[in-house]
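Model the full structure from these sequences, guided by the hints.
Top to bottom, those sequences are chains A and B.
Residue 13 in my numbering sits at position 13 of the first sequence, and the numbers go up by one each step.
Residue 60 in my numbering sits at position 60 of the second sequence, and the numbers go up by one each step.
Cross-link-like lysine-lysine pairs, in silico, DSS-like; alpha carbons within 27 Å at most: (1) A:315 <-> B:123; (2) B:58 <-> A:46; (3) B:35 <-> A:46; (4) B:398 <-> B:58; (5) A:127 <-> B:58; (6) A:430 <-> A:407; (7) B:58 <-> A:194; (8) A:204 <-> A:194; (9) B:241 <-> A:315.
Hints listed in this document are in silico derivations from the structure and should not be mistaken for laboratory results.
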Amino acid sequence: MVQIQQCVLIGAALYLTSAASAQAPRFYPDDPVWREPEPRAVGDIKPRKLSDYYDFFLHTFAHPGEHQSLREPVTAKNPNTLGEVPDSSWYTNRHGRHPMTVDELVRGPDTGNPPSPEGPWRVTKAKTAGVTPGLEIDDARGVHYWLKFDPAANPEMSTAADVIGSAFFYDLGYYVPENYIVYFDRKQLVLTPKSTYTDRLGRKRTMSERDVEEILLNVPRNRDGRYRAVASVRIPGQGVGEFRFFGTRQDDPNDTVPHEHRRELRGYFVFCAWLDHEDSRAINTYDTVVEENGVRFIRHYLIDFGSLLGSGSTKPNSPRSGNEYLFAPKPSLIQFVSLGLYVPRWAKAHYPDFPSVGRLEYRIFDPEKFKPDYPNPAFANRLPDDTFWAARQVMMFTDDQIRAIVKKGAFSDPQAAEWIVECLVARRDKIGRTYFARVLPLDHFQVKDGQLDFEDLAVRYGLAQARPYQIQWLRFENPANRMTPLGGQSGAALPDAVKSAAPGEYYAAEIGAPESRQKVTAYLRVTPGGPEVVGIDRTW
Amino acid sequence: MWLRIWCLAALLAPVLAAAEIDSRKGQIEADREAKASQLSAEETSRFERILLRIREDKILERFSAGVAGFRMKLGGLVSGSGFAMGPEYLRRDLAGGRVMVRGSAVASLKQYQLYDLELGVPKLAGDRLFLDLYAVHRNFPRIDYYGPGPSSYKTGRSDFRLEDTAYSIKSGVSPIRHMELGGLLGYLQVNVGPGGDPRFVSSEQIYTPVMAPGLDHQSNFLRGGFFARYDYRDIPGGPRKGGNYLVEWSQYSDQKLGSYSFQKLDLEAQQYVPFFNERRVFAFRAKSVLTDAGAGQQVPFYLQPTLGGSEDLRGFRPFRFYDNNMIALNAEYRWETFSGLDTALFVDSGKVFHHWSQWNLHSLEVAYGFGLRFNVQNSVFLRVDVGFSHEGFQVWFKFNNVF
Chain A
1 MVQIQQCVLI
11 GAALYLTSAA
21 SAQAPRFYPD
31 DPVWREPEPR
41 AVGDIKPRKL
51 SDYYDFFLHT
61 FAHPGEHQSL
71 REPVTAKNPN
81 TLGEVPDSSW
91 YTNRHGRHPM
101 TVDELVRGPD
111 TGNPPSPEGP
121 WRVTKAKTAG
131 VTPGLEIDDA
141 RGVHYWLKFD
151 PAANPEMSTA
161 ADVIGSAFFY
171 DLGYYVPENY
181 IVYFDRKQLV
191 LTPKSTYTDR
201 LGRKRTMSER
211 DVEEILLNVP
221 RNRDGRYRAV
231 ASVRIPGQGV
241 GEFRFFGTRQ
251 DDPNDTVPHE
261 HRRELRGYFV
271 FCAWLDHEDS
281 RAINTYDTVV
291 EENGVRFIRH
301 YLIDFGSLLG
311 SGSTKPNSPR
321 SGNEYLFAPK
331 PSLIQFVSLG
341 LYVPRWAKAH
351 YPDFPSVGRL
361 EYRIFDPEKF
371 KPDYPNPAFA
381 NRLPDDTFWA
391 ARQVMMFTDD
401 QIRAIVKKGA
411 FSDPQAAEWI
421 VECLVARRDK
431 IGRTYFARVL
441 PLDHFQVKDG
451 QLDFEDLAVR
461 YGLAQARPYQ
471 IQWLRFENPA
481 NRMTPLGGQS
491 GAALPDAVKS
501 AAPGEYYAAE
511 IGAPESRQKV
521 TAYLRVTPGG
531 PEVVGIDRTW
Chain B
1 MWLRIWCLAA
11 LLAPVLAAAE
21 IDSRKGQIEA
31 DREAKASQLS
41 AEETSRFERI
51 LLRIREDKIL
61 ERFSAGVAGF
71 RMKLGGLVSG
81 SGFAMGPEYL
91 RRDLAGGRVM
101 VRGSAVASLK
111 QYQLYDLELG
121 VPKLAGDRLF
131 LDLYAVHRNF
141 PRIDYYGPGP
151 SSYKTGRSDF
161 RLEDTAYSIK
171 SGVSPIRHME
181 LGGLLGYLQV
191 NVGPGGDPRF
201 VSSEQIYTPV
211 MAPGLDHQSN
221 FLRGGFFARY
231 DYRDIPGGPR
241 KGGNYLVEWS
251 QYSDQKLGSY
261 SFQKLDLEAQ
271 QYVPFFNERR
281 VFAFRAKSVL
291 TDAGAGQQVP
301 FYLQPTLGGS
311 EDLRGFRPFR
321 FYDNNMIALN
331 AEYRWETFSG
341 LDTALFVDSG
351 KVFHHWSQWN
361 LHSLEVAYGF
371 GLRFNVQNSV
381 FLRVDVGFSH
391 EGFQVWFKFN
401 NVF
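Here you go:
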């Protein structure tokens, strides 16, 4: 007993004294990191599947994951010191960091690998269950694809949403499958003795020509008699199930940041709001074990974009989709007791009649009021710096770029395509107005010509008037994480102390705007080549 | 001694580890190292696995579809029969989906029974023609009867046993989308006996054949007629827009007694007026059944139109009113409470009357109330209605949509 007491006392004393000296510095020499280290190899990963019923109940009634605290916000845990998301098995910086050309944006994840129009497509599997009926085929080259179709009353709607969505989410940095719009004749589909069919009761059997006919019976046809589908290339690697929007995978050594605290998943909220992707739930994600450079690791995909842009996959989206959870106690109670006399704003939205679009609009759209089908822990944890990160990327898409990507949906009605463009442009601007107002939207920090240079994105995009900034310079002691004001120094010009500082020293510029408590702190590290911006902090 | 060393090592480990990290990437690697030392298989909870199994193995669908066509049927009898269930055989996949066969045997806790068999060919000639053969035997031991006409008393409640067997052929054409025109031919055998509810007197003990024609003798009927329907509801199981209009004329020819031949005209109009993006709906239904027995003939009471119950006057008991004719008007205001539930306020009105000349909106009985409509993909699977009238209130649990 005495030994234990001694042990605790000694330990406590040592811990307290040494902890201070061993405190992790705010900046390491390799900050900011733009790419995570190569992943560790995973062992044998046992595939597991999530239940969408369970996911609904869990998130609707239990609210899993860590929640934001009112006292001290839990900021995202994986951004680099600039607030950016490093490249990893979750995310790759693309248009947001290095603006892509229109061709690149339109190409998205495609590698020029649609099903070969030459030769037969051998049907390997078919299903009638699920949200949409589908076929699995091997083209004449033996490449495997999933074919998904539009609902009969809404030709082009979900197939267009799927290819447009995969392009946007790829450009925004996520891993997504390759999707292609294809047209084919019935005679192009051929069966093999191994073709299997799963009926609506989940029973498998050898597939017959009649099964193909039955599936195609409700598929709209073009004027030339051909069918239209979206062909989705099989995601490479070994599928091991979906990822949740909270916690981490217990079998993945590289998955160390709780998903609700990943910036790319928090910011995914903004992208989903923009593209009207209320079906953004765990069931529409996909983890796969891939091998690169001899290392097997898990890569995380977003899949199934057939419910974007007003589409509900099998029908136009419900007007409440994207505006209310499937079930939430408070709105339900309000509806119940008000006898429906309380009419939510979204119920008054006007939707033009474009069967190939479904229900998409922008006039009542408010990004902060967007709701997925049910609560998402990563979305719920979003903070203004997360939404700024995402909004900044949304704003990078120009009208012409949006138009070019929407064109990929191959709409036969140009007005339908133009309506989607009009909605995305207007929704983009609302996103900018909303989220650039929640932080001081300064970006593109660099030291240039002896000055700290930066850009106000709200001004750049015409969302705010040019405004003056107050800049206070400070000395920053990196290991101690302590700041000391540099007296008499203000303005964008680097203070003399910074210009003459020795390599390895750190300084900070705290930038504010009049009548605003929002601040941005830019951290500079002095290098032999001069000061460099290595860190950004935003407060709101 | 060893304990001290172990404690020191444990306490200093994170400190030493932090001190060794000299880069961000090193920190990330260290986090991964720590995670790698405590990996375990990714598991889902037992509850989730059960739910997944239900979904993946299509348990609900299979339960609904049954095994080899056999499944359990719930409900499907008349109002007041109590909870009913029984086996049903249903095949929609015969002849490549062109032939439907269905048969069921349903009984209720109150010993109501129904046996039926149906053979349908719904898609002949490229969906233009349809044919339906139907046979049913019913044995309902406690059908309420309150006496004839709109002035019958609630206290005049009695009951009778209704046994009938019907065979019918219905065929038609669909000349344009949503429209059906067709004819029907059938044979009906009816037997009426003493009621089986010990709480009430049997109908023949307090009502006479003059008041309730056919109470003493029942007959067999040959039935033929025509119908026209225009149905453009969006989702028949829970419509939010569109309408459904039906006109059906039929002739009942008494084959045994020669006293109960009559003509019957069924009229029904349903219209759904959505607003606020179909999250609110005004639903209207007007329904009338008119009969004409002609000289020397009567409409037997067991074939007379009735009012009251879960489908029309919801504040009144089932079969509360009988007479040769009836008219019913229903209006509902429905609003979406959440995606699986609509709530409704309703007003029902209607009356039975003896002669066509009384076909007007005077002296209508009125009921009102509220209801809950649980739905899956907008099709109602459970309805709870509470109706009020000057005769009290009624609570209805039904596995169908009212209209």
